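Engineer: Sequence:
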Amino acid sequence: MTVKPLADRVLIEPTPAEEVTMSGIIIPDSAKEKPLKGKVLATGNGTKDEEMVVKEGDNVLYGKYAGTEIELDGAKYLIMRQADILAVIEG
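Sequential numbering from 1 applies to the sequence shown in the numbering used here.
The hints are simulated quantities; they were obtained by calculation from the structure and are not laboratory data.
Be aware that one or more of the hints could be misleading.
Said to hold, decoys possible - Label-pair distances were calculated between CB atoms; the ranges are:
#1 Lys-55 <-> Ile-25: 36 to 44 Å
#2 Pro-16 <-> Gly-63: 15 to 23 Å
#3 Pro-16 <-> Lys-48: 30 to 38 Å
#4 Ala-7 <-> Lys-64: 19 to 27 Å
#5 Ala-75 <-> Lys-55: 28 to 36 Å
#6 Gly-46 <-> Asp-73: 47 to 55 Å
#7 Asp-73 <-> Lys-48: 29 to 37 Å
#8 Leu-36 <-> Gly-57: 13 to 21 Å
#9 Leu-6 <-> Ile-89: 22 to 30 Å
#10 Pro-28 <-> Glu-50: 23 to 31 Å
#11 Ile-25 <-> Glu-51: 21 to 29 Å
#12 Gly-63 <-> Thr-2: 41 to 49 Å
#13 Pro-16 <-> Val-88: 32 to 40 Å
#14 Gly-74 <-> Glu-51: 27 to 35 Å
Claimed, not checked - When the alpha-carbon atoms are kept at most 16 Å apart in a straight line, the in silico EDC-like pairs for lysine to aspartate or glutamate are as follows:
#15 Lys-39 <-> Glu-56
#16 Lys-39 <-> Asp-58
#17 Lys-39 <-> Glu-13
#18 Lys-37 <-> Glu-69
#19 Lys-48 <-> Glu-90
#20 Lys-37 <-> Glu-90
#21 Lys-76 <-> Glu-13
#22 Lys-37 <-> Asp-58
#23 Lys-39 <-> Glu-69
#24 Lys-39 <-> Asp-84
#25 Lys-4 <-> Asp-49
#26 Lys-64 <-> Asp-84
#27 Lys-37 <-> Asp-73
Predicted, not measured: the structure shown is a model, and the values here were computed from it.
Using N, Cα and C, we set each Cβ at its ideal position, and we do this for glycine too.
Could you build all of it, start to finish, from the sequences and the hints given here?
Structural biologist: See below:
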């Protein structure tokens, strides 16, 4: 399935949360820290007031509660406005 974000929205694949175990205790998914970085998979065309700065393939940082989580073909993604992206990771 192909998703094409509209206007100034971007589709992001979150980086998986790191699984941390201490003394044999397995931390459930609900207690894992939500990832704050991900990879841009698709972008909209922007708006007349805001051009798209991020592009497909960019690794980005975003706010902890940014975006809306969606599930496509069993995988979880985030769709959010470009303004919710805090920075592009270079290098």
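Engineer: Hint by hint, note whether the structure agrees.
Structural biologist: Tested hints:
1. Lys-55 <-> Ile-25: 36 to 44 Å: Holds, at about 41 Å.
2. Pro-16 <-> Gly-63: 15 to 23 Å: holds, 18 Å
3. Pro-16 <-> Lys-48: 30 to 38 Å: Holds - the Cβ-Cβ distance for Pro-16 and Lys-48, about 37 Å, lies within 30 to 38 Å.
4. Ala-7 <-> Lys-64: 19 to 27 Å: holds, 23 Å
5. Ala-75 <-> Lys-55: 28 to 36 Å: violated, 21 Å
6. Gly-46 <-> Asp-73: 47 to 55 Å: violated, 27 Å
7. Asp-73 <-> Lys-48: 29 to 37 Å: holds, 33 Å
8. Leu-36 <-> Gly-57: 13 to 21 Å: holds, 19 Å
9. Leu-6 <-> Ile-89: 22 to 30 Å: holds, 25 Å
10. Pro-28 <-> Glu-50: 23 to 31 Å: Since Pro-28 and Glu-50 have Cβ atoms about 39 Å apart, the given range 23 to 31 Å is violated.
11. Ile-25 <-> Glu-51: 21 to 29 Å: 48 Å Cβ-Cβ, so the 21 to 29 Å window is violated.
12. Gly-63 <-> Thr-2: 41 to 49 Å: Taking Cβ atoms as reference, Gly-63 and Thr-2 lie about 26 Å apart, which means the hint is violated.
13. Pro-16 <-> Val-88: 32 to 40 Å: With a Cβ separation near 20 Å, Pro-16 and Val-88 fall outside 32 to 40 Å, so the hint is violated.
14. Gly-74 <-> Glu-51: 27 to 35 Å: Cβ of Gly-74 to Cβ of Glu-51: about 34 Å, so the range 27 to 35 Å holds.
15. Lys-39 <-> Glu-56: Satisfied, since the Cα-Cα distance of roughly 8 Å is no more than 16 Å.
16. Lys-39 <-> Asp-58: The hint holds at about 6 Å.
17. Lys-39 <-> Glu-13: holds, 5 Å
18. Lys-37 <-> Glu-69: holds, 14 Å
19. Lys-48 <-> Glu-90: violated, 27 Å
20. Lys-37 <-> Glu-90: holds, 12 Å
21. Lys-76 <-> Glu-13: holds, 7 Å
22. Lys-37 <-> Asp-58: Holds, at roughly 10 Å.
23. Lys-39 <-> Glu-69: holds, 14 Å
24. Lys-39 <-> Asp-84: holds, 14 Å
25. Lys-4 <-> Asp-49: Not satisfied, since the Cα-Cα distance of roughly 20 Å exceeds 16 Å.
26. Lys-64 <-> Asp-84: holds, 10 Å
27. Lys-37 <-> Asp-73: violated, 21 Å
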